[in-house]
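Quick note, the sequence shown lines up with residues -29 to -1, 1 to 306 if you use mature numbering (1 follows the signal peptide of the UniProt record, and there is no 0).
Source of the hints: derived by calculation from the structure; they are not laboratory data.
It cannot be assumed that every hint is accurate.
[To be verified] Taking lysine to aspartate or glutamate and the EDC-like style, the derived pairs with C-alpha atoms no more than 16 Å apart in a straight line are:
hint, residue 1, residue 2
1, 32, 54
2, 156, 141
3, 200, 173
4, 185, 19
5, 200, 167
6, 210, 247
7, 245, 205
8, 245, 271
Predicted model only: the values in this text are computed from it and were never measured.
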Amino acid sequence: SDRRTNFMKGRGIFFVSVFSLLTAFNAFAQTETVSSSAVQDHLVQGYDSAAKMYTQTFANKKTFRTNVPNRMITSRSVVMEFDTGELIYTLTRDGEAMAYESGQIITEPGYYCLKAMALPEILAEDVPEPTIDQLYGEAAMPEFTLYEDDNVYQSCFYFFIPGKAENRLDYINAPEGYQIGYVEKNGQRVPGDSPDWQRLKEDGSYRFLWNPVKEGLPVCESVLVRDTKAPFLEIDGVKDGGYSKGGISVYADEADITIRVTDGSFSWNLDGSKLERPGIYEITAVDAAGNQSRYGVVIDMDMTWAMVLAGAALAAAIGACIWYIHVQKKKIQVR
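Take these sequences, add in the hints, and give me the full structure.
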């Protein structure tokens, strides 16, 4: 009877400690750290050749599956699968939290980090709400161990989906379980820096072949374009000092360029190549990799058009005067 009572007290104490860890997980999701001796970081990667999925297993045997290895740069769609109740997790893209459900397909470019906690078996059971006596009674036993392994394990799983081009890649690390087989730049082999990493010294189109270190893993590859050069705009109709009379024409030196025009507090994408309205403009060009260049332009009204408008205004004024005089003469004659 006493043994059963102590067992239930232990369950109650452990139940509370687990909820404390779950509270700590919220902080972990924001700061990537958890101050708890019961939280450990272990993740072992394997491969299921039949399903063509990588298995990521914690020390307490909790597992999730992915179609890419940890730290992979991939142009493929990425899928992660979890067993219900096995993990508590958050997924971030470029540091921003995003909603994700098991089996959902990820295609958008970005740096992704899956922060996962593997929970002990007790949370999968129907644990009753502990009573006050079970929590704080005289025979409460905080040191009671319910299972041989009642730890909560945490880990981070990373992958990167590059866009059409990237300007933030200086070093490439091999995915977990792999080493560099060879590197190609613009279709030509380049010397390797290390089996585990490669420095990208120049812009270009790169292809990495990854050889598995462990038996059973498949060969895989990464393809990406590095572009750190700011786009160049050719602006016709501009004189020295950035001044233009009557308008300008804007042309980009590469495809996939977005041209943004700002006039004071107003901003819009340039539709076409011509800009004719008088004003003081900042023109920004952004390429697919996120590189930017800026130009300042002042467009004055074309003097030819100014003269035409002034002449039209003068003619209208003279016409109005003639009409007024004519009307006044008629009034005098009537009198």
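A quick look at each hint next to the structure:
Of the pairs offered as hints, the one joining residue 32 and residue 54 holds, with about 12 Å between alpha carbons and a cut-off of 16 Å not exceeded. For a cut-off of 16 Å, the pair hint linking residue 156 to residue 141 stands: about 14 Å separates their Cα positions. For the given pair, residue 200 sits about 10 Å from residue 173 by alpha-carbon distance, which is consistent with the 16 Å threshold. Taking the CA atoms of residue 185 and residue 19, the gap is near 13 Å; set against the 16 Å cutoff, the hint holds.
In summary, the hint linking residue 200 to residue 167 is not supported, as the alpha carbons are separated by about 27 Å, beyond the 16 Å threshold. A threshold of 16 Å between alpha carbons decides the hint, and for residue 210 with residue 247 the separation of about 15 Å falls inside it, so the pair holds. With a C-alpha separation of about 12 Å, the suggested pair residue 245 and residue 205 falls inside the 16 Å cut-off, and the hint holds. With a CA separation close to 15 Å, the supplied pair residue 245 and residue 271 stays within the 16 Å bound.
Of the numbered hints stated above, the single one contradicted by the structure is hint 5.
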